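Engineer: Based on the sequences and whatever the hints tell you, model everything.
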Amino acid sequence: MRTTIRLDDELLSKAKQEAAKTNRTLTAVIEDALRQHLAQQEQVRERIPVSLHTVDGNVLLPGIDLDDTAAHLDLMEDDVAV
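Going by numbering that gives the first Met the number 0, the sequence shown opens with residue 0, and the numbers climb by one from there.
Some clues are possibly wrong.
[What the hints assert, rightly or not] Cβ pair distances, simulated, as ranges:
(1) His36 with Ser12: 17 to 25 Å
(2) Leu11 with Gln40: 17 to 25 Å
(3) Leu65 with Leu33: 51 to 59 Å
(4) Ala18 with Met75: 44 to 52 Å
(5) Gln40 with Ala14: 18 to 26 Å
(6) Asp66 with Glu45: 19 to 27 Å
(7) Gly62 with Glu41: 49 to 57 Å
No wet-lab data here; the hints were simulated from the structure.
Because the structure is a prediction, the values reported are computed rather than measured.
C-beta: ideal position from N, C-alpha, C; glycine also.
Structural biologist: If you want it as structure tokens, here you go:
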């Protein structure tokens, strides 16, 4: 299938160099790169979530979100005892 895409000039230049170096077409280089990227994304989606547990009675303070590093830094700067 034919389509038109816009690429950054530097990226296109590097892709053309890779095609010449490996004796392949520009289309083949772009297709291979896209396939590799999509395969990696699929692997990321297939990972099993990890459940973390605290031990020895150590618990999070109420309202602490482990995904919010900015809030952690704010708490540390405010000298809040953990």
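Engineer: Work down the list of hints and note, for each, if the structure agrees.
Structural biologist: Structure-based check of all given hints:
no. : hint                         : result
1   : His36 with Ser12: 17 to 25 Å : holds, 19 Å
2   : Leu11 with Gln40: 17 to 25 Å : holds, 23 Å
3   : Leu65 with Leu33: 51 to 59 Å : violated, 34 Å
4   : Ala18 with Met75: 44 to 52 Å : holds, 50 Å
5   : Gln40 with Ala14: 18 to 26 Å : holds, 20 Å
6   : Asp66 with Glu45: 19 to 27 Å : holds, 21 Å
7   : Gly62 with Glu41: 49 to 57 Å : violated, 36 Å
The earlier numbered hints that this structure contradicts are 3 and 7.
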